[in-house]
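Using the sequences plus the hints, can you model the full thing?
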Amino acid sequence: MRANRVLLLLTLSALGAIVVLPIGAVLLQAIFPDLAQGSWARPLAHLGETLSNPALLELIGNTLRLGACVVLLSALLGIPLGCLRGLCRVPGARFWDLLFLLPFMIPPYIAALGWILLLQPAGYLQQLAGSHLGGFLFSFSGVVFVMTLNVFPVVYFAVSRGMAGSAGRLAEVGRVFGGNPWRCFWRISLPLALPGIAASLLLVFAMAIEEYGTPAVLASNAGFFVLVTGIERRFSDWPIDLPGASLLSVLLVVMAMFAFIAQRRLTAGRSYETLTGKPGEQAPRELGAWKLPALALFAATASVASIAPLFSILATAFSGTLSGGLSVANLSTRHFEAILTQGGNATRALLTSLSLGLGAAMLTGLLGLLVAYCVVRLRTRGRAIIDALSLLPNTMPGVVVGVGLILAWNQGFWPATPYNTWVILLLAYCCLFLPYPVRYANAALQQIGENLEAAARVHGAGMVVTLRRILLPLVWPSLGAAMLLVFAIASRELVASLLLAPTGVQTVSLFIWRQFEQGSVGQGMAMSSVTIALTTSVMLLVSRKRGSLR
Amino acid sequence: MISASWESALDLDKRGWLLQWQSANAARVPAAYKGPAYVAQGLSALAIVWNPKSGTPRPTDWADLAKPEFKDKVNMPDPASSGTALELLSGLQAAQGDRAWKLFEALKANGMAVGGANAAALNPVLQGAKAAVFGAVDYVTLAAVAKGENVEVIFPASGTIVAARPMMILKSSKAQEDAKKFVDYVLSPKGQALVADVYLMPARSDVAAKRKPASEIKVLPPEGEGAQAARKSLLERFSALFGRK
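So the protein lines, in turn, are chains B and C. If you count by numbering that gives the first Met the number 0, then the first sequence holds residues 0 to 549, one letter each, in order. If you count by numbering that gives the first Met the number 0, then the second sequence holds residues 0 to 244, one letter each, in order.
Honestly, the hints are just simulated from the structure, not real lab data. Small disclaimer: the values here were computed from a predicted structure and weren't measured.
A few chain B residues facing chain C, derived, Cβ under 10 angstroms:
#1 Ala121
#2 Ser219
#3 Gly222
#4 Thr320
Note that beta-carbon positions come from the ideal geometry of N, C-alpha and C, so glycine has one too.
Following this line, the structure appears as C-alpha cells:
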C-alpha cells in the first residue's frame, strides 16, 4: 500500500505542476482584478460589471446551443458508422479508418479556411458546379456543420473500438444463446459500449465549446458569438480586459464540469468488466444485402468530411494565385518551392513541432496511465480530485491555458522559469491534451477485471511488475491510440503557441499562421499539406507497427 | 523592437521605457516619422483593394463602397484587432466628424462585413467572394499583386492615413549595442532598399519606393490633441454599430 501512496503523491504533484498552476493563476486573476499589477486589492470588484453585461447571457446560450448541436450531430454520424465498423465486415475498413483520421490531421483553423475557400461565393464549388453555399457556411448552421465534421471521428473511433473489443464478443455469447442480432445489439453491445460513447460525446462537447477558430471565422459576421470568442476578444483586443476574460473562462470551466458530472451519473453504479483473461476469437458479421448501402454511407461521409476540405487545401496550395481560380494555367508548385527555399525556416518549424508533439505524447501518456490507475483502482479520497483535475484542461481553451501559464511563470519569485523557453510550450501541450490519454486509459482500465491483477499478485509480482506486465499491455491499445492523438494535435496547436512561443522558436502552426497573416494563403496551405501528409504517415507507420506486434 | 503601430512607440516613450537614442542614419528621415527615442522603419498606407473581376464599378473613394453595387461585397479589418484600421477610423472621424459615422452607418446598412486582421479581410477579395476591402494595408496587397494576383490597390480621393512603423530600443534590453547596430543597418541605404523590396515606403526620403510614394497619396489631416484618449470610446461606438460582442 505504500507504493500506492507514492503513486498517488507523484500523480498529484505532476497534476499540480501541469494543470493547477495555470488554471489557478487564471482563477486568482478572475477574483483579484489588479493581480497583473501585483495587487490583491478590490477582490471581485469587476464582477458586477462583467456579469451585468447583457451580452453574457447570449454568449452562454450560444455556447450551450453550439455544444449540444455538435454533440447531437456527431452522435448521429459517429455511432452508426462506428457500430458498423466495429461489428461488421465493412469492405476496405482500414481505408475508411484512414479517411476518418484525416479530419484530425487537418487543424481546425486550416479546415475552416478550406471550407471558406470551397463554399464562399466565387469559391471552388461555384467554379466547379456553378453555385455556392456562402449563406449556409457563414451562419450558425455552418459552424455546426464544419465543427461536427472536425470532431465526429472521436465518436466513430471510440464506438468502433468498443464494439470490436469486448462488447461485440459478449454479443456473440448472446447470439449463441439464441438472441437475434438486433436484440443482442440493443441489449448487450450498445449498453456495454456506453461508457466509451458517453466519454467520447463528453469530449466532443468540450471540444465544441472551446473551439475558437471555427466560430470566429465563420459566424462573427452573422452576429453569432460564443464564450470562447468573447474570452479571446477580452484577452487580445484592445482595450484588454484581463479580469473579465478570466471570469468568462471560469464560467466556461463550470459548464464543462456540469457535463462531466452528468457523464458520471450516466455511467455510475455499473460494472463494465469484460476483459477477464478468457480468450475470445470474434468473427465480424457479414453485411449481406446491406453491404452497398453501408458502403455508400461510408463513402458519402468520407467525401464530405475528409476529401472536400483536403481538396480545397491542396487546390489552394497548388494554385499560382488565388484570383486565378481553378484552371490548368494557374497550376503551380511555386508555393512548395518557396517553402523549401526559405532558409530552412520551414523544416526547422516542422522539426520543432514534431519533437514537441512527441514529448507531449509521451508525458501525457505516462501521466494519463497514472491518473487512470489512481482513479479506477485506488479507493482513496484523492481519486475524485485527481479525476476532476485531469479533466479540467478539457474545459480550458488554449488561450486560457496560455495566459494562465504566463501569469503563473512570469513572476519574479521562481528561481528558474520555463517561460521564454520551449519548455513552456511542452507544459502548455501537456496541460491541454492530458484529458485524451486519461479518458482512453480510464475506459480501458474499467474493462479490465481486477482478478487479473490479483492473479499477478498471487504469483508474487509486485505492483510495478503488475503494472508493466499485466495492465500496460492490456491498456496499451487504447493508451497508444490516445498518445497518437496527442501527438497529432499537439504538433499543430495554434492558440497557446501564439502566446507562448519564445523568440526564435517557430512551430508549424505559427509558420502557417504567419503565412495567412501576410496574405500568402497559398504558401500557408502548401505547408499545411506537407504537415498533414507527414503526421498522417507517422500515424500510419506506428499503427502498422503495432498491428504487426500483435 | 519594430511595431506596426506608431501609437505603441508614443505610449512606451511616455512611460519612459525607451532608450533615448537616435541613429546617425536617421538624418534623412522626415521629422514627422521620428522622435527622440523612435524612428520609422518604413511606411504603409491604407487603401481600397478592389477585384476588377467582381462585376462592380471601380471605386475611387471610401463612400463608393456604400453604393448599392457593393451590397454585401465589402470587407473591413476589425479595428479591435488591427491597429491600422483603428487609426483609419480615428483619422476619418477627425477629418469628417459626423460624416464619418454616417458613412459607417451606410456601410453597415450595405452589408459590410467586419472581422479579423488584414489577411482575413483580403483573402475573400482575392478569390472573388467579396469585391473590395475597406482599409487594407497596401504593401501586403502590392506584394500579392506582384506575384500575379488580379486585384487593384486604390488610394481614396478624399484621403487616407499613412502609418509609420516605429523602431525603438527598450531601456530594459540586454543587447542595446546590437540593437543600435540593427537600427543603423535598417536605416542604411542597403537596409532601406530591403524595406522597399517588400513594397513598404522607405522611411528615408532619399531611398526610392518601388510603388506609389507617400508624396502622391492624399493623406487625411493630422488628428488634434485628445484623439488618442478618445480611441476607447471610438472603438466602443464602432463595435456597437457592427454588433461585436
